[in-house]
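K.L.:
Based on the hints, put chain B in the right spot on chain A.
Keeping their order, the protein sequence lines are chains A and B.
With the numbering used here, the residue at position 229 of the first sequence is 229, and numbering never jumps.
With the numbering used here, the residue at position 213 of the second sequence is 213, and numbering never jumps.
None of these hints come from the bench; they were simulated from the model.
From the three backbone atoms N, C-alpha and C, an ideal C-beta is built for every residue, glycine too.
Hints are all accurate, no fakes.
What follows is a set of in silico ranges between Cβ atoms, one per label pair, in the way DEER data are often shown:
#1 A/Ala95 / B/Ala36: 32 to 38 Å
#2 A/Ala95 / B/Arg161: 56 to 62 Å
#3 A/Arg222 / B/Trp158: 25 to 31 Å
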Amino acid sequence: MSVPEVTAVFGYALLTALATGLGAVPFAFVRTVSPSVIAGANAVASGLMLGASFGLLTEATRYGAWQTVAGAMLGVLFVLAADRVLQGHEPEFGAVRGAGARRMLMVVTVMTVHSFSEGIAVGVAFGGTATLALVITLAIAVHNVPEGLAISAVLHPRGVPVARCAGWSVFSSLPQPIMAVPAFVFVERFSSALPYGLGFAAGAMVFMVLIELLPEAYEQARRATVASLVSLMLIAMVLFQRYL
Amino acid sequence: MAADPTLTVLLYSSIAAGAAALGAAPIAARGRLPVAWIGWANALAAGFMLGAAYALMVAGLDRMPVQGAAGAALGVGFVFLTHAVSKTEDLDLNRLDETSPAYGYQVLLVNSLHSASEGVAIGAAMAVSRSFGIFLALAIAVHNVAEGTVLSAILAGWGVRPRDAAGLSVAANVSQVLLAIVTFAIVSAVPTMLPWALGVAAGALIYLVMAELLPECYRQAGRISVALVTVVAMGMLVLFSGRGP
Chain A
1 MSVPEVTAVF
11 GYALLTALAT
21 GLGAVPFAFV
31 RTVSPSVIAG
41 ANAVASGLML
51 GASFGLLTEA
61 TRYGAWQTVA
71 GAMLGVLFVL
81 AADRVLQGHE
91 PEFGAVRGAG
101 ARRMLMVVTV
111 MTVHSFSEGI
121 AVGVAFGGTA
131 TLALVITLAI
141 AVHNVPEGLA
151 ISAVLHPRGV
161 PVARCAGWSV
171 FSSLPQPIMA
181 VPAFVFVERF
191 SSALPYGLGF
201 AAGAMVFMVL
211 IELLPEAYEQ
221 ARRATVASLV
231 SLMLIAMVLF
241 QRYL
Chain B
1 MAADPTLTVL
11 LYSSIAAGAA
21 ALGAAPIAAR
31 GRLPVAWIGW
41 ANALAAGFML
51 GAAYALMVAG
61 LDRMPVQGAA
71 GAALGVGFVF
81 LTHAVSKTED
91 LDLNRLDETS
101 PAYGYQVLLV
111 NSLHSASEGV
121 AIGAAMAVSR
131 SFGIFLALAI
141 AVHNVAEGTV
151 LSAILAGWGV
161 RPRDAAGLSV
171 AANVSQVLLA
181 IVTFAIVSAV
191 PTMLPWALGV
201 AAGALIYLVM
211 AELLPECYRQ
221 AGRISVALVT
231 VVAMGMLVLF
241 SGRGP
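Bound conformation, chain A alone (with noise of 0.2 Å):
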């Protein structure tokens, strides 16, 4: 395993990062910020997540079905841990206060560290070798996107600008550059923790998607309207992540 070839892997990780910014580009053309419009992007970013966590189900339990259902429960403590010491304090989120700030901390954080899971995964996927690097490259940047747009669904209608929403998807995927270089270099010991790592990012995004984006998206729009959104949103990720 040379150096060109570990930097490569790092850089081909971190396009696919950048990647992730193009997820706000739909938001630059919405103007009009009503509840109805956050609950709709929650909506949105909860079927996203949702098809997301599909998408990585269904990776990790060719692993081990176990060590998936572990790996998520991990998660879900893990979110349940944030969501009780953003409880005690008053958080802050750019000029957003109060609960409005703890959804977008809470969505930043857990994509965030969803992200270390998927760098793995990145690394695993390189295998060793970086023959099918752009192959794995393009797939990975552009199921990045969505990504993206999740976080931006749940940040622009709070009042974040557009190029902040894409500065925070970037900041998001960071990780994957930064697992990918470790789990290339060391594949056989990385691999054994996919099933964990996978499974603790989808953990984490289902109980998110439980327990703060669907009860603000009950609680703003009609039922008809999020189920729409979230079922439609979710069917897409999983055929788009199918094919990529």
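P.N.:
The following block gives chain B in isolation, referenced to the frame of chain A:
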């Protein structure tokens, strides 16, 4: 044992429908249930349904991704339309103090339509493999117990005795048996329909969770307890479906 596969579908979908009767047991034992319990029963039902939808979606997309996803969109559209046509899209399904006949009719209608989608799920899963079908039917059976509890609690508010509530809970699930057999017959005869059927079932189940079960849960119990019950129930299904159909 080489039983006729249709009989297997009949047997297991009947077990699933019959399990709803057990849902009346907590009402028989305790009388009126605290509202939070009803919320947790709904959350349990939601988690099992999400897990089942996950398993169906994976099975459908593994076969033909586009057809599976198109089927799922159809499933979402189907339930959306049945809610809209029956004017039940904003119906609060768990009003314990509402006793008008119109409300009772709507609740039973919604419950029957709900279990029809689960019938499609059982039938399609049985066509994938016997073991996957049995797994899914048993998951729906446990889910039905929780739903039976919710329905029995509403019926108890009308003065229906637990024994009769158990019977009505099963009756509301009869459509499940019918749809399971019809779906199984169709996809067995036309195997190219299988990814579509799996998709329809997955989409319908997800939509039902989002439109009927979760909104009720959050009003009945705290968001954290609801989320915990849901995610643990879903995790159990992911664990058991992890061995793959």
